[in-house]
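Participant: Below are the chains, spelled out letter by letter.
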Amino acid sequence: MSEFKICLIGFGAVGQGVAKAINMKKQSIQEKYGKKLKIVAVSDSSSSAITEEGLNEELLLKTKSKFGKLNKYPEYGSDICGEDVLDSVDYDCLIEVTPTNIENGEPAKSLTLKAFKSKKDVVTSNKGHLALFYKEMIKEANLNNVQFKFEASVGGAMPIINFADETLPSSKIKSIVGILNGTTNYILSRMTSEGSSYLNTLEESQQLGIAETDPTQDVEGIDAACKTVILANSLLKIDATYEDVEVVGISKITSESIDLAKKEGYLIKLIAEVSLDSLKVSPRLVKKNSPYAVEGTLNMATLKTDLADEVTVVGKGAGSLETASAILTDLINVIRTK
Amino acid sequence: MRMNLVLELLDIPGQLVSVLEPIGGLGANLVTVIHQRDLKNEKGMIPVQITLEGEQENLNLVIEKLNEMGITILELDGVVRKERLSTILIGHVIDTDIKDTMDKINELKGVSVVDLEVKLAEELESSAMIVVEADFGKKSFVFDKIQEIANKKDLLVVNEV
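Residue numbers (numbering that gives the first Met the number 0), protein chains in the order written: chain A, 0 to 337; chain B, 0 to 160.
These are calculated hints, taken from the structure and not from any lab test.
Treat the hints with care, since some could be wrong.
Some, not all, of what chain A presents toward chain B, calculated at C-beta under 7 Å [to be verified]:
1) Lys251
2) Glu255
3) Leu259
4) Glu263
5) Leu284
6) Val285
7) Ile331
Distance condition first, Cα-Cα at most 16 Å in a straight line; then the derived EDC-like pairs of lysine to aspartate or glutamate [unchecked claim]:
8) Lys118(B) <-> Asp258(A)
9) Lys261(A) <-> Glu159(B)
10) Lys262(A) <-> Glu52(B)
11) Lys287(A) <-> Glu159(B)
12) Lys138(B) <-> Asp276(A)
13) Lys251(A) <-> Asp153(B)
No residue lacks a Cβ here, since even glycine has one placed at the ideal position from N, Cα and C.
Turn these sequences into a full structure, and let the hints steer you where they fit.
Facilitator: Structure, rendered in structure tokens:
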């Protein structure tokens, strides 16, 4: 039985979800693919836990929730963090789930490039480096002959990148139109059902933990624009970066406009559009009974193709275990090739 | 009886034949076909004028078949077919001269505003739902123009997908 050693960098909601998901699935992965998953290093923003022997997932989660930091992990806790973690242990695959940074893509970019240089495969949920340096990242992965997978970066649990690549390879994708941000979809859905104002609904979403304390990335469409760039590059082969997307957020949507839309049988949704003619994120009117009318934090995307015509996917766009499901799928796809 | 149609077809080989082929089988006779490839529109489509002869029910079957095939019928017996498009403007809709906004949309060729509803809000930013009727196939042209008009007045546009 061979081992498959994982280095996990980033231990927020997604990183903890990954630890939970690995704990739940490692037995069945071992039975099915003949590889024993072992987390050999986990790092948060300022500390880590590292051992070749393999860390205990439950103990990692307990340590983080009790102390807020990983350096208190029994015996193997340390203050090593950032890129140094990658030098301190031998691993097969980096799972990089640090927060998205749309200014310069760091620390995701440096961590990923370092792993590539050491000929390691990388699985990520990060959007920053992909939205800013897609071409460069893919080129480096290819140069080093390693796998770079990022299904979790778009739509959380909603299958889209692997789905288009592996399930629909017969069809050329002409455009993708979809809802790629769960937080704004939740806010707009609530404004529609409750008749409440934008600001009140945002506040409610923050209290429920659906919107972040600083909601800018979600409500101004930045997050959806990053995903638009990733889909444009990966599925439509459009050489675009974040600056190429026309972005309008939802902060100016009034409850009056939602009422007017309702009367005519429409809903207002934050829609991302990916095609050769347009890369755009903006609030749009969608028909009440159309595939675009998904509620709450759900994400959806309609792929318009040449052979299969329209295909629509729907799924949970965020959430710790949901996002981890996409990461684990990528990880299994890496393992399958070993 | 006779029926005149203007169809919108893709300018690729075989398109015209694939549209004309089912007509005979449905009991209608083809009288004329005018196929002007130099009249390509902005979507790369060309209008094709055809005249058919047959019983009303057979002609209806042809229309049904064309709809089924996803062919756009631009004109039926000289009447231009229209589609309804909705958009919402948010901002200082009234202060930026709503009548002028309507006039500018109505000035667009083949486009007319058929419905307008405004809701005022306490914070002064109001919302207006505008429904226009436009010639078939003009959707992106109409929405682009509305966006242009709105940009000049600093209004947020929420167009139909």
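Participant: Out of the numbered hints, which ones does the structure contradict?
Facilitator: Hints 7, 10 contradicted; others consistent.
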